[in-house]
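Undergrad: Sequence:
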Amino acid sequence: MVASRYLLIGCLLILAIASFTWLSPLSSSPPASATVVTHIVLFQFQKTASAESIKDVLTRLAALKDQCIHPSTQKPYILSLKGGTDNSPERLQGGMTHAFIMEFANTEDRDYYVQKDPIHLGFIKVAGEVLEKTQIVDFIDGVFV
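For the sequence shown, the UniProt record's numbering assigns the number 1 to the initial residue and increments by one for each residue that follows.
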């Protein structure tokens with residue numbers, strides 16, 4: 001009888017540890033290797049924006065991956081950049097017509113891009129002339145709290 005109690009307690013302890021390990025991806029801190037920041041940008045252009053000016057902004061945005069240079073390494077630091085025109089049938093875009101996803105190695109690189117990178121800041125000025133609305137969301141994969 002005593003042995004079966006210890007066996008039951010041992011099984012419950014193993015189950016508790018296994019459950020905790022299974023839920024660990026929902027923790028508030030990322031694993032050491034998961035520091036990549038995903039930067040999502042959504043655009044709605046002004047109704048008066050010409051096709052030429054829209055194309056210019058989109059071309060300039062696509063070029064940021066190669067033109068934005070890290071101040072320390074003197075190399076491009078945007079890990080990836082992809083995007084395109086919305087084609088969702090859900091009709092939940094809220095007026096947004098274009099979406100872009102960029103990845104940065106860490107929050108420091110993302111912060112430099114957003115706050116100090118002269119190429120990006122110049123892009124913001126040009127794009128601001130034809131944009132009606134912009135939405136930006138950043139996240140680190142697996143960090144939910």
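Worth double-checking, as some hints may not be accurate.
Said to hold, decoys possible - 35 Å max Cα-Cα, derived DSBU-like pairs, lysine-lysine:
| hint | residue 1 | residue 2 |
| --- | --- | --- |
| 1 | Lys47 | Lys133 |
| 2 | Lys133 | Lys116 |
| 3 | Lys82 | Lys125 |
Just so you know, the hints here were simulated from the structure itself, not pulled from any lab data.
Undergrad: Against each hint, give a clear statement of whether it holds in the structure.
TA: Against the structure, the hints:
1. Lys47 x Lys133: holds (11 Å)
2. Lys133 x Lys116: Distance of about 22 Å is within 35 Å: holds.
3. Lys82 x Lys125: Distance of about 21 Å is within 35 Å: holds.
Figure legend: structure checked against the earlier numbered hints; every hint is met.
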